[in-house]
Amino acid sequence: MEQSGLGLAGARAASPEVALVRRAQRGEEEAFREIVARYQGKVFSIIHGIIRNRNDSEDIAQQVFTKIYFSLGKFDFRSALVTWIYKITVNECYDYLRKQKVRKLTYESDLGEDDLRRIDNLPGSNRNPALDVGRRTELRQLVVKLLDKVSEEERNLLIMKEVEGYQVEELARLLSMNENTVKVKLFRARQKVAKAAKKAGLLRSRIW
Amino acid sequence: MHKVVQSQIEAYLDGTLLPLERREVESHLRGCAECRREMEAVEQTRGWLRLLVLEEPQAPAPGFYARVRQRVESEEARRAWPFWQLFPGPTVTRQLAYALIMLLVLLGSYVFTLEQTEPVPAVEVMLDAPVIRAETPPLTSDTQANRERVMRAIVLPLGSTAGD
Numbered sequence: 001m002e003q004s005g006l007g008l009a010g011a012r013a014a015s016p017e018v019a020l021v022r023r024a025q026r027g028e029e030e031a032f033r034e035i036v037a038r039y040q041g042k043v044f045s046i047i048h049g050i051i052r053n054r055n056d057s058e059d060i061a062q063q064v065f066t067k068i069y070f071s072l073g074k075f076d077f078r079s080a081l082v083t084w085i086y087k088i089t090v091n092e093c094y095d096y097l098r099k100q101k102v103r104k105l106t107y108e109s110d111l112g113e114d115d116l117r118r119i120d121n122l123p124g125s126n127r128n129p130a131l132d133v134g135r136r137t138e139l140r141q142l143v144v145k146l147l148d149k150v151s152e153e154e155r156n157l158l159i160m161k162e163v164e165g166y167q168v169e170e171l172a173r174l175l176s177m178n179e180n181t182v183k184v185k186l187f188r189a190r191q192k193v194a195k196a197a198k199k200a201g202l203l204r205s206r207i208w
Numbered sequence: 001m002h003k004v005v006q007s008q009i010e011a012y013l014d015g016t017l018l019p020l021e022r023r024e025v026e027s028h029l030r031g032c033a034e035c036r037r038e039m040e041a042v043e044q045t046r047g048w049l050r051l052l053v054l055e056e057p058q059a060p061a062p063g064f065y066a067r068v069r070q071r072v073e074s075e076e077a078r079r080a081w082p083f084w085q086l087f088p089g090p091t092v093t094r095q096l097a098y099a100l101i102m103l104l105v106l107l108g109s110y111v112f113t114l115e116q117t118e119p120v121p122a123v124e125v126m127l128d129a130p131v132i133r134a135e136t137p138p139l140t141s142d143t144q145a146n147r148e149r150v151m152r153a154i155v156l157p158l159g160s161t162a163g164d
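If you read the protein sequences in the order shown, they are chains A and V. Oh and the first sequence: position 162 is 162 in our numbering, straight run, nothing missing. Oh and the second sequence: position 153 is 153 in our numbering, straight run, nothing missing.
Chain A with its partners taken away, still in its complex shape (with noise of 0.2 Å):
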């Protein structure tokens, strides 16, 4: 169930984050240039997270903040700026990666057993020192067009919660929705990875 988006717009309104988008909405370059200068490095971070590589992160962040400067005037505060500006990033990063087309994904046919045994014991952790880095970058790769499987909306839930660490009582708030409709969605989007995980060959226990 969904809560009023116009309540916690409303109590949004009088935020100076507000105040500096309709500023940028009124064309005030120096608005524009601390929106930047506010979210760079965030954006600049999500991009690296999922297509870790400087020269294209670069170039998808360029992107991501000229789509913010042409969207802007459309953006109406039934979010927060930062759960829009997650929104255009990812999607940039999508698209960008299909567009790429080059970047062929491993599935079960190109792993052996032990590589699914590996896959299998991997922890709740980045930071397992049983992966080296070619595998870690392997599995990341997986990972990341397991995302593809899911809707956009839960795709930038399940990165919102798991890569940037928000809490559900965060994410409802940002995203002006019930604190119980976020993990319902969280829910079905974690099935769906799954699913597709299990679709993958990566999940050998029979699954829903």
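Derived by calculation from the structure, the hints in this document are not laboratory data. Quick caveat, the model's predicted, so the values are computed rather than measured.
Partial list, computed: chain A residues near chain V (C-beta under 7 Å):
1. R33
2. Q40
3. G41
4. F44
5. G49
6. A61
7. Y69
8. L139
9. V143
10. E162
11. K183
12. A194
Every residue gets a Cβ at the ideal spot worked out from N, C-alpha and C, and that includes glycine.
Starting from the known structure of chain A, fit chain V onto it as the hints suggest.
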């Protein structure tokens, strides 16, 4: 997955359940193979997602705003020429598009020239026109000579400079 686990799954994964709630979930998981399997799958996929977490935060090289501004300006220029929206992409793509258009124009004009110099339909049409027939000397078997006579009959009365 049963509701007792599903409703608590986020807090369970985050480790923010109260001890009593946690015991309730764990007790259900021990007795329910289906929920246990699903929870394992969720935990695994969660571990993979965390591979996207950066070891250190990243930032663009200095001068990023200037580069963004430059990109915005070229995008503004592109939007001012919507024709180029048909050819999104780097400059090379546009240059190729340019070359293709030029090639098409050249080919078009070549075909047009060929059509104009095609003799047969011109002679047939002219021969059907009564006025021309009156001023045209009798036809001979020499096609080229016929064509010249016809052309003279049409072009010269119009005051053209076509003396050739």
